Amino acid sequence: AGVMPVGLDTAVIPASLGSKREVRDFLGLDPDARYLVFVGRLDEYKRPMDLVPVLAALPDEWRAVIIGKGALEQTLYDALKARRLAGRCVCIPQLPNTTVQAYYHACDVFVNFNDTEIFGMSLLEAMYAGCPPVARHAPGPDLIIEKGVSGYFADTPKEFAAAIQKAAADPACGHAAQKRINEHFLWTNSAETALAMMD
1 AGVMPVGLDT
11 AVIPASLGSK
21 REVRDFLGLD
31 PDARYLVFVG
41 RLDEYKRPMD
51 LVPVLAALPD
61 EWRAVIIGKG
71 ALEQTLYDAL
81 KARRLAGRCV
91 CIPQLPNTTV
101 QAYYHACDVF
111 VNFNDTEIFG
121 MSLLEAMYAG
131 CPPVARHAPG
141 PDLIIEKGVS
151 GYFADTPKEF
161 AAAIQKAAAD
171 PACGHAAQKR
181 INEHFLWTNS
191 AETALAMMD
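Just so you know, we're using this note's numbering here: the sequence shown kicks off at 1 and counts up by one.
Just so you know, these hints were derived from the structure itself, not from any lab. Check the hints yourself; a few may be wrong.
Stated by the list, open to error - Computed list of lysine-lysine pairs in DSBU-like fashion (alpha-carbon distance at most 30 Å, straight line):
| no. | residue 1 | residue 2 |
| --- | --- | --- |
| 1 | Lys20 | Lys166 |
| 2 | Lys179 | Lys20 |
| 3 | Lys158 | Lys81 |
| 4 | Lys20 | Lys69 |
| 5 | Lys46 | Lys81 |
| 6 | Lys81 | Lys69 |
| 7 | Lys179 | Lys81 |
Predicted model, so just to flag it, every value in this text is computed and none were measured.
Let's have the full structure, built from the sequences with the hints guiding it.
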């Protein structure tokens, strides 16, 4: 028996998007701000409400890009307004996958709050773009992320804020995240694992 992870389909990912500054200019993002990105359903199991205390714990230079929709959409937006954080957020209900890829390239850190994440395709996509992750321990992130090398783990808002700043300040983390996906989580890697298991 062995583990054959789901692979990332790079054929549907744009080959070149330009520099981070060029991508931010295209997307209309502040070139001098720091950005974390959340991509996923705004439903209870994804724990999107955790964005509120995490963003509040970060310095004012930090912004959040929130891509997704769901049952907690209005609740999240209301909570951000109540904490006077709405001005630090870009909220996008839905985007084509190619445009989502641009946000991975434009942002500094990807966050995953789901503590039952089975795998996480958005995690793979972010890391492939060189956007280092900060996640809760769960089956998917535990398999994919090398702690302190290609990403970080956190639980409380204070831990997330500290890990997010640490990941953003370490260019090697983004490079390691990209390397991790290229070497272990593409469909070619999965096919090689399958063939080896059948020998």
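Status of each hint after checking the structure:
1. Lys20 with Lys166: Answer holds: Lys20 to Lys166 is near 19 Å, not above 30 Å.
2. Lys179 with Lys20: Satisfied, since the Cα-Cα distance of roughly 18 Å is no more than 30 Å.
3. Lys158 with Lys81: holds, 20 Å
4. Lys20 with Lys69: Answer holds: Lys20 to Lys69 is near 26 Å, not above 30 Å.
5. Lys46 with Lys81: holds, 20 Å
6. Lys81 with Lys69: holds, 17 Å
7. Lys179 with Lys81: violated, 38 Å
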